[in-house]
Structure formats: C-alpha cells, structure tokens
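Undergrad: Next come the chains, spelled out residue by residue.
2 protein chains.
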Amino acid sequence: MSTLNRSIKLVSRPQGMPTYENFELVTNSLPTINEGELLIRTIYLSVDPYMRGRMNGVKTYVDPFQLNEVLIGGVVGEVVESKNNDFKTGEIVEGRLGWSDFSVSNGSNIRKIDPTLAPISTSLGVVGMPGLTAYFGLLDIGKAKEGETVVISGAAGAVGMVAGQIAKIKGCRVIGIAGSEEKVNYLSNQLGFDQTINYKTENVLDALKAACPSGVDIYFDNVGGEISDAVIKLINYKARIIVCGQISQYNNEQIETGPRIQGQLIQRSALMQGFIVSDYADRFGEGYRQLGKWVKEGRLQYRENVVDGLENAPDAFIGLFRGDNIGKQLVRVSEE
Amino acid sequence: MSTLNRSIKLVSRPQGMPTYENFELVTNSLPTINEGELLIRTIYLSVDPYMRGRMNGVKTYVDPFQLNEVLIGGVVGEVVESKNNDFKTGEIVEGRLGWSDFSVSNGSNIRKIDPTLAPISTSLGVVGMPGLTAYFGLLDIGKAKEGETVVISGAAGAVGMVAGQIAKIKGCRVIGIAGSEEKVNYLSNQLGFDQTINYKTENVLDALKAACPSGVDIYFDNVGGEISDAVIKLINYKARIIVCGQISQYNNEQIETGPRIQGQLIQRSALMQGFIVSDYADRFGEGYRQLGKWVKEGRLQYRENVVDGLENAPDAFIGLFRGDNIGKQLVRVSEE
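Residue numbers (full-length UniProt numbering), protein chains in the order written: chain A, 1 to 336; chain B, 1 to 336.
Looking at chain A on its own, in the form it has when it is part of the complex (with noise of 0.2 Å):
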C-alpha cells in the first residue's frame, strides 16, 4: 500500500464559474489512526452540484468550506485498516469524507454498503444521497398521484433520472427538461418519459404548452432561472412545486432577478417547498429500502459518469456546470 496520500484542496473561493486555480492538489504521508479510528480507501468520490454553494464563505444550510483545507464530499471506499470494533478491515463504507486517497474516520460519519446487493458505486447516486432527495422530494413533498403530469428540470442529472423514474413508478406523466439530444433521447428511449425538452434548442414555454395540455401539477426543479419562470406560468391548482436546485443560479455573483412569482403561487393555491436531504434524516432507512428494491426489480434505472483519477475530481465539479455529464457523476480514485 502506498505510505503516500494524495488530496485535494480548496485553495481559492471561486467568482463565478470555478475554474482549475481554485484546487490543489496536495500529497501527504498517509495518516495513521488511533483506538477507535479506521482507515479508509477511497474507491469512488461524488461531485454534486450542492459543494458550489459551500464554495462560498457564506454559512447557508451547512457551513462552508475553509480555505486551505481538503474538500469533504460524498466517498465509497474500503476498510483498510481499523481499530474500531464496528468495522473490519475489507468492508465497505460510505460517507462524507475527503477528496483524498485515504480517509480516515471514527465511524460516526459512514454506513456500511452490502456489496453483493448492488455495485458499490450506486451508494453515492441511485440508492444514495441524490436518489433519496429524488425519493423524499417527489413523494413527501411533491405527494406524487396516478395521473399528475411531473416536470423536471435538470432531467439527465443524477436526482433529476431517479425522480423522473419514480414518477412514472407512480403512474404519473413526466416531462423531462435537459440539454443536449444526447440526454433528451436517453430519457425518452431508455428511462420512458413520456416528452423531453430539449432547453438549449427549444423554446421551454411553448414545448411545455404541447407538452402539457393538462397543465402542470408537479415540478421538480434542479434549475431555477428561465426555466422555472416558463414552467410556473402553466401550474394547476395545488401544484406542488419542490426546489431541489437551482443549478443555473449557483456561479451567480449577485442574485439573478426574475419575475415575481407570489401572485401565480396564489391564484393556483400552490406550494413551493425548498429542501435538502438532510431534513429526512430520519428516513433515510425507509429511503434506501424502497430505492434499492426498485433497482432490484429493474423498475429503477441509472447511469453514472466515471473519470478515474483523484486529480481529474476538479474537471469533473467543473463539468457538472458545463452539463457534461448524463446521470451520476463519479470520480474513481482506485479499484473496486
């Protein structure tokens, strides 16, 4: 095993869009654990839209990142060494861990994975954190009915496909709003929704209008911006409309303006719910449960973006601005 340990460090706040000067990559001795800690290899890092907001020095949901310090995101890895009782050498864990090749940890912030279930790497993405936001987003606050038309923006991300595929779980009609042909055909051919919006082509407003005849019940929105302006002008009464991302808005340096949508949300007894995962904390059991029996059932599908490399992590946080990646974006650091 390497005596070495690689990480990565935010070394600047961005200003817009983050750029390569922001990280750096650094190289340590691996560290050594105390009673009580184990060592972890990190097989597979998730970047997520969510760490730009924590790029920002601002206190929001969760504090920011500090400057000069290893970025800490979503890791499945393997138990290389321990002394905790509760964790052996050769298991698999996942948790909020540093962009590093090793991690280490006193086992309060990691779960065990069962690896004969499912590949590892869908416990950062379908039966993970953006599967259970899709999960509790769209069934506890969205209350997902048989026949509800569902928009979702931001179609071909990570969150976007599971809450998509749970929609039509649920019996529900589901309009997908993503950015390339390349996206759009795969919802459609191969997830089955039901009509897909290509934005960077297509005017959202108008392909919403035919796509929509019954209006809008359901939007789950990973976007924000003009794409959320067109499909608020089309809710029904007591649409339920979850705010999961605003991924158009987060290398903003000021807050964008729009329209004002107060006076929509009353004429159509609408609800806006903002949220992150975390306030369902205490159903994440139920969450991983359900996911993971739809995948099982082959009701629930994915599709994960891997660069291989600790050093590509940065392309690859970057990329999810640029819309390079189609589903569940994935860094791997070392083999399975």
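Hints may contain errors.
Pairs involving identical chains hold if they fit within one copy or between any two copies, as the list cannot separate such chains.
What the hints assert, rightly or not - Listed below are the simulated BS3-like cross-link pairs for lysine-lysine, each with C-alpha atoms no more than 25 Å apart in a straight line: (1) 233 x 168; (2) 59 x 238; (3) 59 x 209; (4) 233 x 59; (5) 168 x 145; (6) 209 x 143.
FYI, nobody ran anything at the bench for these hints, they're computed from the structure.
Assemble the complex: chain A is given as a structure, and chain B must be docked to it using the hints.
TA: The following block gives chain B in isolation, referenced to the frame of chain A:
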C-alpha cells in the same frame, strides 16, 4: 320601502390603479322574486383587495367580473321578502351578492347570521372571510407554534390584524409591518403586537433585523414586493411563508421583477404556500366557531372603517390601495 334599486357596475377594466371612471352607479326598479327566492336589503358591503384581480379580464382562481355587470362582493343584509322556506323575513344573512341596495338569492349563496352573537358587520370581517383567511393561513399553512417569530405585512388590514392576534394567542412573537404611524401605533398599543415597522418611514430590512434577532419563522404576506424581499432574507430553517395577498402588485400592468427566491428557500428548507380561503370551504364551520369564541372572550379585537352610501363604494375600494383603512373596510348601504 323604496321601489328603486341602485347598483354599481364595472364599466371598464382598470389599467393600473382603479379610477372612478371604471365604475358606474345605475338605478333600476326593485327586482321581483320567484318561488324559492328571497329579497335581501344590503346593510353592509365589503370591499376587498382580491376584487382587483377579478377586474382584469383574465381567468385566475375565480372568473373575472364581466363588464357592464353589477359587481359582486361580500354583503350582509336583511331578508325583506321570502318565497323560500329556509329563510324568513327579518333574518340576517351574509354571502356573495351584488353591490346593490337589494339583491335576489335562491338561498344557495348565503348563510344566516345570528345578530345576538356579535355585530352583524363582523360577518364580513373578523368572523367572516378575512378572519377565516387569517385563521387557516396562520394555523393550517403556518402551523404557528409558541415562541416562534411571526412577521405580518399589511398588518393593519382586515386579514393581517386577525393573523397577528391569533399569533399572539398561540404564544408567538409578532412583528407587524404597516404604512402609517397611526396604524403601527394601533397595532402596538391596542392589539399587543411585540414590534411594528412603518415601511414608509423606516428601512424595512434594518428594522426587521433589529426586531427579529432570532430570524423569522413565519411570514404572513399580504403585500409582496420589496417588503417581502426584505423578510425573505431573514427566514429561519423550515420557515413558512404564507402567501395570502400581494396588494403592492395588484395594480401593476406587468409582472414586476425581483430577486429570485428559490435559492433562499433551499438554503432554509422553507415552505412558500399560496392559498385562497375557499381552499378551506369544508372547514369554515370550525373557523367561524373558533373566531367567534375568541371575539366573545375578548381575545380577538377588531376594527372597522365604515363609509356611508353605496355611491361611495368605488372610493372605498380605491382607498384600499391608498392604504386608507385600518382594519376591515366596509360600506354601509342602509341602516341595521
């Protein structure tokens, strides 16, 4: 009894602020009633901000007013003639009726009022539609809990005043925003609001920061616009924003732009819910009983601003947008 019946019609759609030219007082002969109908002498009629929306020719949650038709609003009056077995001459009724000296009803759009319980005018205010709006908004959407901080815009209006007092009954800390010294003094001195802000003379954001050192748990919004921008900056985790009215926006000829709020809703896992009182039609009985009980116990005060004469109803309506009224704005059309 008069053999004539005066009415107010909408003769043109307001562009921006309504003007007298949008209304016309017409005189017809007293209507006759058929079997199953009753004739009602209007005592009070209610002018309400939501009516502005119906004056545009656009279908929203209610159909628009038709041009050259008599306006329809809340009315309390006396049955002066009845060919309906459910109603007797001399009874007091409340319902959506014409802006007229007399109206005909078949009984389906009115309810009986017991004049021994409270002044009959309260059936249009604190124990009427505005009271119910405050009750269901604050308690069903807002889920107000003891110790929470509640901010109310349009706090000296018919709805805001009730919402603030219910919040006090529930043990909340209540901050009211209104537009004159007379209004804020009334809220502080008479209704026991904890803090008030005169948005015409104070910087709302600075005043809110001082008044809400622990942030805002519930925002009961009757006004919208820049006041809401300021309040939304200060919302807490799991805040509830009750979008009841947007009086600052009703006379706009185009939808105003403002800072996008979805990012703040995500950061705070906050809810924003639009509604209209009829969403709760199946629970009106509960609302009337509770509001009536609080009024009787002296825990819920009310204030009315009464102008005399049907011919003055347009001015009273326009006055809502000038901020003339403290509490419920009524027009007395005939004596009780």
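Undergrad: Between copies, within a copy, both or neither: which fits residue 233 and residue 59 at Cα up to 25 Å?
TA: Answer is between: at 13 Å across copies they meet the 25 Å cutoff, but 32 Å inside does not.
Undergrad: Is it within a copy, between copies, both, or neither that the alpha carbon of residue 59 lies no farther than 25 Å from that of residue 209?
TA: between (39 Å within a copy, 17 Å between copies)
Undergrad: For residue 209 and residue 143, with the copy left unspecified, which applies at a CA distance of at most 25 Å: within, between, both, or neither?
TA: Answer is within; shortest intra-copy Cα gap is 23 Å, inter-copy 35 Å.
Undergrad: First find the shortest C-alpha distance between residue 168 and residue 145 inside one copy, then the shortest across copies, and answer within, between, both or neither for a cut-off of 25 Å.
TA: Within one copy, since 10 Å is at most 25 Å while 37 Å is not.
Undergrad: What label fits residue 233 with residue 168 when the C-alpha limit is 25 Å: within, between, both, or neither?
TA: within (23 Å within a copy, 36 Å between copies)
Undergrad: Treating 25 Å as the Cα threshold, decide for residue 59 and residue 238: within, between, both or neither.
TA: For residue 59 and residue 238, the Cα distance is within 25 Å only across copies (16 Å; inside one copy 33 Å).
Violated hints are absent here; each numbered hint is respected by the structure.
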